[in-house]
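Dock chain S against the given chain D, drawing on the hints supplied.
Residue numbers (this note's numbering), protein chains in the order written: chain D, 0 to 295; chain S, 251 to 540.
The hints are simulated quantities; they were obtained by calculation from the structure and are not laboratory data. Some hints could be false.
Here are some of the chain S residues that sit facing chain D, going by a computed Cβ distance under 10 Å [as the list claims (entries may be wrong)]:
| no. | residue |
| --- | --- |
| 1 | Ala362 |
| 2 | Val478 |
| 3 | Val485 |
| 4 | Gln514 |
| 5 | Leu519 |
Glycine included, each C-beta is placed from N, C-alpha and C at the ideal position.
The chain contents come next:
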Amino acid sequence: MAFWTTILLSAAIVSIASIGLFLHISSGQLNPGMAPFVGLGGYVSGALCVNSGLSAWLSMPIAVVAGFAFGSLFAFITLRLHHWFFAVTTLTLSVASVSGVGMIDYFGGPVGLTNIPLATSPALIVSAFAGVLLVAYALHKSSVGLQIRAMGDDEPLSQVFGVHVRTMRILVFGLGSAMAALSGALQAHRFGIYEPSDLGFMQSLLLFIYVIVGGKRSVFGPVLGTFFLFVMPEVINISAQTQLLVFGALMVIVSIWMPEGLAGALAALWRRLGPGRAGARRTGRANALPHAGAHE
Amino acid sequence: MIIQQLLSGILESGIYALFAVGFAMIFGIMGVLNMAHADFGMVAALTVVGVVSQGYGPVAGVALAIIVTIGVALLIERVAMRPGRRFKGDASIEMPLIGTLGAGLMLQNGAALVFGNKAVAFPIKATGIWRVGSLFLTQGLVYSMAISVVLLVVLECIVNLTAFGRSMRAVAMNPTAARIMGIDTDRVIVGIVGLTAFLAAVAGFLASFSYGLAAPLMGIPYAIKGLVAMIIGGVGSLRGAMAGALIIGIVEALATNYLGSKAQDMSVLVVLIVILVIWPNGLKSIFRNK
Numbered sequence: 000m001a002f003w004t005t006i007l008l009s010a011a012i013v014s015i016a017s018i019g020l021f022l023h024i025s026s027g028q029l030n031p032g033m034a035p036f037v038g039l040g041g042y043v044s045g046a047l048c049v050n051s052g053l054s055a056w057l058s059m060p061i062a063v064v065a066g067f068a069f070g071s072l073f074a075f076i077t078l079r080l081h082h083w084f085f086a087v088t089t090l091t092l093s094v095a096s097v098s099g100v101g102m103i104d105y106f107g108g109p110v111g112l113t114n115i116p117l118a119t120s121p122a123l124i125v126s127a128f129a130g131v132l133l134v135a136y137a138l139h140k141s142s143v144g145l146q147i148r149a150m151g152d153d154e155p156l157s158q159v160f161g162v163h164v165r166t167m168r169i170l171v172f173g174l175g176s177a178m179a180a181l182s183g184a185l186q187a188h189r190f191g192i193y194e195p196s197d198l199g200f201m202q203s204l205l206l207f208i209y210v211i212v213g214g215k216r217s218v219f220g221p222v223l224g225t226f227f228l229f230v231m232p233e234v235i236n237i238s239a240q241t242q243l244l245v246f247g248a249l250m251v252i253v254s255i256w257m258p259e260g261l262a263g264a265l266a267a268l269w270r271r272l273g274p275g276r277a278g279a280r281r282t283g284r285a286n287a288l289p290h291a292g293a294h295e
Numbered sequence: 251m252i253i254q255q256l257l258s259g260i261l262e263s264g265i266y267a268l269f270a271v272g273f274a275m276i277f278g279i280m281g282v283l284n285m286a287h288a289d290f291g292m293v294a295a296l297t298v299v300g301v302v303s304q305g306y307g308p309v310a311g312v313a314l315a316i317i318v319t320i321g322v323a324l325l326i327e328r329v330a331m332r333p334g335r336r337f338k339g340d341a342s343i344e345m346p347l348i349g350t351l352g353a354g355l356m357l358q359n360g361a362a363l364v365f366g367n368k369a370v371a372f373p374i375k376a377t378g379i380w381r382v383g384s385l386f387l388t389q390g391l392v393y394s395m396a397i398s399v400v401l402l403v404v405l406e407c408i409v410n411l412t413a414f415g416r417s418m419r420a421v422a423m424n425p426t427a428a429r430i431m432g433i434d435t436d437r438v439i440v441g442i443v444g445l446t447a448f449l450a451a452v453a454g455f456l457a458s459f460s461y462g463l464a465a466p467l468m469g470i471p472y473a474i475k476g477l478v479a480m481i482i483g484g485v486g487s488l489r490g491a492m493a494g495a496l497i498i499g500i501v502e503a504l505a506t507n508y509l510g511s512k513a514q515d516m517s518v519l520v521v522l523i524v525i526l527v528i529w530p531n532g533l534k535s536i537f538r539n540k
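This is chain D alone, in the form it adopts within the complex (with noise of 0.2 Å):
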């Protein structure tokens, strides 16, 4: 019992930044390079302890607003950059921070940053995951919700229609980084220890997959995808590179046949098979094409 507490734990702590590279990621910027967010928030919040000697109920906060920042700028810099120009400087970013972090010398070197205080209870990480959900679906339902995904959908035609692009790009971006941050600090307070390969290509990646593989047009798909690929490997338990191996397919089956991920499928044979719906049948299943509206 307490194994599974603690996996749905971790997998709670990561959703969070997964609903962050959500975010990302619906407003057009695709971001394979999450890791370095998650771990700013990870590095600043616990160097401020370790090292300057706050309390963690003051260091986690500056962190997410460190977050916000570092992301705001990292947008401001990155602006004319578009699709896979911004994949591959995020990716850059991502390789380039592992060794980058490890010639700070506040923040650990390449040892990393150890002892940090411990803070993290299991009431704080759902309540922050409960407010982080929270305020994502607040949003996504919004009406700027709606220009976010305007914007993610077809860049010059929503700035036709109104959206402040730029703006919108840069604080979409460092309200996803704060996620991401706040995220990185519950897990440096958890186990009280934060490594610079902690920034690299592989959490990277495995966060991309999650967003991916869970679905990335509703706030639920990251969510599903973290728990879904956190729990899946448990129970049928298979070794850390098997794992790897699995993942990869499962990339592979999503850019095949699910483009909306499991999210997607999901919701597509629910209107498919869903109780009382003989009369809405047909617009189901017209829904439930593959591709159908999603990216046109």
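Same frame as chain D, now just chain S:
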């Protein structure tokens, strides 16, 4: 000292150029960012290790590795790129990117299951050092620079002078018009995938040959540097990709010299951002304006 660093940077860039040109060809012609491209080099290098450990000679290993790599590349094109390209708009780039990222992850971890997740010794290597005057040259890097230059010249000739190259350029410009003119676009794409897989395989051999090691994760740094070189050169342009690789090699060497080896990856990021902020379409826009 500075000449030494510049020279090793330039020599190193040969391998980067081979990867960058592969990325650029696939992107220019198919509009797909093949994230598994550098892992083809890893597959080739580890196949050689596997074949030689079974008691065959290195030449047989290299020949077999090239065949295996091209086979793997064609399979990945069929499974992870072609299905995603049928989507419209941004998704036609996004879905193959996701698919090939997944395929690359499968290759890396499949290789790690077979060979163990650690570096293994490469059977043929040239890790020795030549001394020319006051300069030190790593033998493997000199060989790889020479082989890269020959291959890139041959590639330029194929693209510019042969019938296959002409149909390739036609498909890159406009696939629909190319098909109307009677070009079998699917065959051209298969040819491109085979050709780029061959380039990746050679680059993988050269990387292992120069450092004497092969590992399941060896493709990742080359993927990043190849992609960055392609993007700063201008997406889809072959000469741009080569120029980009040269810049990456030199900047890395200078950063290592002045800031220490940990600054290497950071310098690549800085170059990428600076060049893209000044020329959002890469260096090819400088040449085009003239």
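Verification of the supplied hints:
1. Nearest Cβ of chain D to the Cβ of Ala362 (chain S): about 5 Å, under the 10 Å cut. The hint holds.
2. Of the supplied interface hints, the one on Val478 (chain S) holds, with its beta-carbon coming within about 6 Å of a beta-carbon of chain D, less than 10 Å.
3. A least Cβ separation of about 8 Å between Val485 (chain S) and chain D falls short of the 10 Å threshold, and the interface hint therefore holds.
4. Interface restraint check for Gln514 (chain S): the shortest CB-CB distance to chain D comes to about 7 Å, inside 10 Å, so the restraint holds.
5. Taken as an interface hint, Leu519 (chain S) checks out: its beta carbon lies about 4 Å from the nearest beta carbon of chain D, inside 10 Å.
The structure agrees with every numbered hint stated previously.
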